[in-house]
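**Student:** Sequence:
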Amino acid sequence: MKQNKAFSELPVADSSKNYTFFENVWDVVRQIPKGRVTTYGAIANYLGLKSSARMVGYAMNACFHVRPKVPAQRVVNRNGMLSGKAHFATPTLMEELLQKEGIMVESDKILNFEKVFWDPAIELA
DNA sequence: AGTATGACTCATT
DNA sequence: AAATGAGCCATAC
686 MKQNKAFSEL PVADSSKNYT FFENVWDVVR QIPKGRVTTY GAIANYLGLK
736 SSARMVGYAM NACFHVRPKV PAQRVVNRNG MLSGKAHFAT PTLMEELLQK
786 EGIMVESDKI LNFEKVFWDP AIELA
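Residues are numbered in my numbering as their position in the first sequence, beginning at 1, plus a constant of 685.
Misleading hints may appear alongside valid ones.
Below, computed lysine-lysine pairings styled on DSSO-like, alpha-carbon distance capped at 30 Å [to be verified]: (1) K735 to K719; (2) K794 to K735; (3) K794 to K754; (4) K735 to K754; (5) K785 to K800; (6) K794 to K770; (7) K719 to K800; (8) K770 to K785; (9) K719 to K770; (10) K800 to K735.
No lab work stands behind these hints: they were computed from the structure.
Based on the sequences and whatever the hints tell you, model everything.
**Tutor:** Structure follows, in structure tokens:
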């Protein structure tokens, strides 16, 4: 039995608009500390849309032209793999950004993933 | 307006 | 253990 909050049940600043989900995602992502990462699913779960990890990815896809900037490189899939690297300006940008923040990446995968994993449901509790 | 698709994840073969 | 199906719901066509 999955208990997903309906989209309409989310805290909305403007109920006539539906972009709130993206805004919430970006808000969470911006709070990820430097040198830490989280997953699409963790963010979805934190926002009460447990099964909507895909939408988080979608929000990332739309975040590049958003200000203030969203550190999208700190969001990976549940295996710690850089599933979104292909969507950055260059195929290596995501990896470079992460390594610049002290995260080790090898073969498109984050090393010590458990160690650097940052769960908003816990950290922002 | 209906269908297809996706930076995902989980349950079921 | 690997493959498949099913949810998720905003966009694109």
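**Student:** Checking each numbered hint in turn, tell me which of them this model violates, lowest number first.
**Tutor:** none
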